[in-house]
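Participant: Each chain, written out:
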Amino acid sequence: AQSVAQPEDQVNVAEGNPLTVKCTYSVSGNPYLFWYVQYPNRGLQFLLKYITGDNLVKGSYGFEAEFNKSQTSFHLKKPSALVSDSALYFCAVSPGGSARQLTFGSGTQLTVLP
Amino acid sequence: GAVVSQHPSRVICKSGTSVKIECRSLDFQATTMFWYRQFPKQSLMLMATSNEGSKATYEQGVEKDKFLINHASLTLSTLTVTSAHPEDSSFYICSALPSGLSGANVLTFGAGSRLTVL
Chain A
1 AQSVAQPEDQ VNVAEGNPLT VKCTYSVSGN PYLFWYVQYP NRGLQFLLKY ITGDNLVKGS
61 YGFEAEFNKS QTSFHLKKPS ALVSDSALYF CAVSPGGSAR QLTFGSGTQL TVLP
Chain B
1 GAVVSQHPSR VICKSGTSVK IECRSLDFQA TTMFWYRQFP KQSLMLMATS NEGSKATYEQ
61 GVEKDKFLIN HASLTLSTLT VTSAHPEDSS FYICSALPSG LSGANVLTFG AGSRLTVL
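Quick mapping for you: the protein sequence lines, in order, are chains A and B.
The numbering used here puts the first sequence at residues 1 to 114.
The numbering used here puts the second sequence at residues 1 to 118.
The set of hints was computed from the structure by calculation and includes no laboratory data.
Every residue, glycine too, gets a C-beta built ideally from N, C-alpha and C.
Among the clues, some could well be false.
What the hints assert, rightly or not - The calculated lysine-lysine pairs, modelled on BS3-like cross-linking and capped at a C-alpha distance of 27 Å, are:
id	chain 1	residue 1	chain 2	residue 2
1	B	Lys20	B	Lys64
2	B	Lys66	B	Lys20
3	A	Lys69	A	Lys22
4	B	Lys41	A	Lys77
5	B	Lys41	A	Lys22
6	A	Lys58	A	Lys69
Said to hold, decoys possible - Only some residues are given here: those of chain B computed to face chain A with a beta carbon under 10 Å:
id	residue
7	Val4
8	Arg10
9	Ser43
10	Leu44
11	Met45
12	Gly110
To be verified - Example chain B residues on the side facing chain A (calculated, C-beta under 7 Å, incomplete):
id	residue
13	Cys13
14	Pro98
15	Ser102
16	Asn105
17	Leu107
18	Gly112
19	Leu115
Working from the sequences, and respecting the hints, build out all of it.
Facilitator: Listed below in structure tokens is the structure:
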């Protein structure tokens, strides 16, 4: 069975500083990796995905993530944080990309301080 | 882009009543939809897979008689929480797969429905 770990429940960063939200995964076979963002009382919005190819994936709103196979990690990054980036971020993994087998991490609350 | 609409966004009901939540794919057909439950500050847990024209597939531990799912058309799935109790209070989210596709990368999520049972 696959699993996703987001070791930090909360990440605080000052506006304008770089941010990193950590994610590690465990899955059999080729991992399809995703990041989603959730604003209060809203559903999930897709940010970016890794399927194959370049280890650095660029997504929406200036976010990017780096796939590291040896460390089984897929950390979300942004060079310069905005207050509007404050939200709940979920990492997710799916073996072979199956929608039914999409497994989410526990989420990381990002707070960007003005 | 693909849009999934959930209704209602918020609902408050009395204990013992039933509540229906709708999930609609607005600009695409979805043979398969998924229903998730999210507790405060926790992750999404898949409850069931809704299949158009056939019975839903429930995840282990989810009571199918409690959470009735109907997927009568290619654009609509409904989740009915029957005889709701306060412990059913939660945020329910649906997602939809465009017909003919199965990959997680093409899932579109609804905005969620917050159920509060008094």
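Participant: Please go over all the hints and tell whether each is borne out by the structure.
Facilitator: To see whether the hints hold, each was checked on the structure:
1. B:Lys20 - B:Lys64: holds, 14 Å
2. B:Lys66 - B:Lys20: holds, 12 Å
3. A:Lys69 - A:Lys22: holds, 14 Å
4. B:Lys41 - A:Lys77: Holds, at roughly 21 Å.
5. B:Lys41 - A:Lys22: holds, 17 Å
6. A:Lys58 - A:Lys69: With a Cα-Cα distance of about 17 Å, the restraint between lysine 58 of chain A and lysine 69 of chain A holds, given a limit of 27 Å.
7. Val4: Since chain A brings a Cβ to about 8 Å from valine 4 of chain B, closer than 10 Å, the hint holds.
8. Arg10: Interface hint status for arginine 10 of chain B: holds (8 Å vs cutoff 10 Å).
9. Ser43: holds, 4 Å
10. Leu44: holds, 5 Å
11. Met45: This interface hint holds because 8 Å falls under the 10 Å limit.
12. Gly110: Cβ of glycine 110 of chain B sits 5 Å from chain A, so the hint holds.
13. Cys13: violated, 18 Å
14. Pro98: Not OK, violated: proline 98 of chain B not within 7 Å of chain A, min 10 Å.
15. Ser102: Holds, about 6 Å.
16. Asn105: Interface hint status for asparagine 105 of chain B: holds (5 Å vs cutoff 7 Å).
17. Leu107: holds, 5 Å
18. Gly112: holds, 5 Å
19. Leu115: violated, 12 Å
Of the numbered hints stated above, those contradicted by the structure are hints 13, 14 and 19, listed in ascending order.
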